[in-house]
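Visitor: Residue-level listing of the chains:
2 protein chains.
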Amino acid sequence: MQKFGLFHEQWQPKVIAEMNDYQFKVVNLQGDFIWHDHKDTDETFIVIEGDLRIDFRNGAVHVRAGEMFVVPKGVEHKPYAQNEVKLLLIEPRGVLNTGMWAASGQRSRMSGSERLSSSNDVV
Amino acid sequence: MQKFGLFHEQWQPKVIAEMNDYQFKVVNLQGDFIWHDHKDTDETFIVIEGDLRIDFRNGAVHVRAGEMFVVPKGVEHKPYAQNEVKLLLIEPRGVLNTGMWAASGQRSRMSGSERLSSSNDVV
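Chains A and B are the protein sequences, given in the same order. Using the numbering used here, read the first sequence as starting at 1 and increasing by one per residue. Using the numbering used here, read the second sequence as starting at 1 and increasing by one per residue.
All the given hints hold, so there is nothing to weed out.
Each pair may be met inside one copy or between any two copies, as identical chains are not told apart.
Distance condition first, Cα-Cα at most 20 Å in a straight line; then the derived DMTMM-like pairs of lysine to aspartate or glutamate:
| id | residue 1 | residue 2 |
| --- | --- | --- |
| 1 | Lys86 | Glu67 |
| 2 | Lys86 | Glu49 |
| 3 | Lys73 | Asp21 |
These are calculated hints, taken from the structure and not from any lab test. Computed from a predicted structure; not experimentally measured.
When you get a sec, could you build the whole thing from the sequences and use the hints?
Guide: Okay, structure coming up:
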């Protein structure tokens, strides 16, 4: 996942590939996020580097490098990374502005122009 | 991707997770496959271990561990692995019996019962 060498910002997913109506996004996370859910879609986390904890209202999972986890639609969750984590996220196109990232209090809403988009890139 | 420790067969994808209507499958490949395409869907290859070559009618790509490639729908391709490659495949549910795996001359068609299926597993 060499694309991680191209940016260092945290909490700013970059679209690196698309499959049908889905997007693959790389992102660096560190710290605590807010509780949220996605009403219409599952969300896939594939951890490339580091340890991600995903809290649920009734527990938590630890997802480590080389592991993946699918959060089912409608399930409230809160990602947390004590140290920086590099992730590959898979979501349908369009989730960006209604889900996780736009909901952050600390981080500004991403505009389309901030995204690195390429439709069939090799990571 | 510890699930690879659970099986050693080649060319037999195992479903390890699902996201909406999509399935994540792990598979070991070695050798040459046949030319084929998927009329209705893109197909995503994420290489976990080894080097995969995907031949196209007008060239080839090499996809190495930690890299991914999306083959666009309708594009003829032929995977090739000189040495064993461990892959994560992402395809819509139902592609199994019409695409790559069923088309193999050497390998028998997979029946549903041969699949390891779990809907929200951690790899």
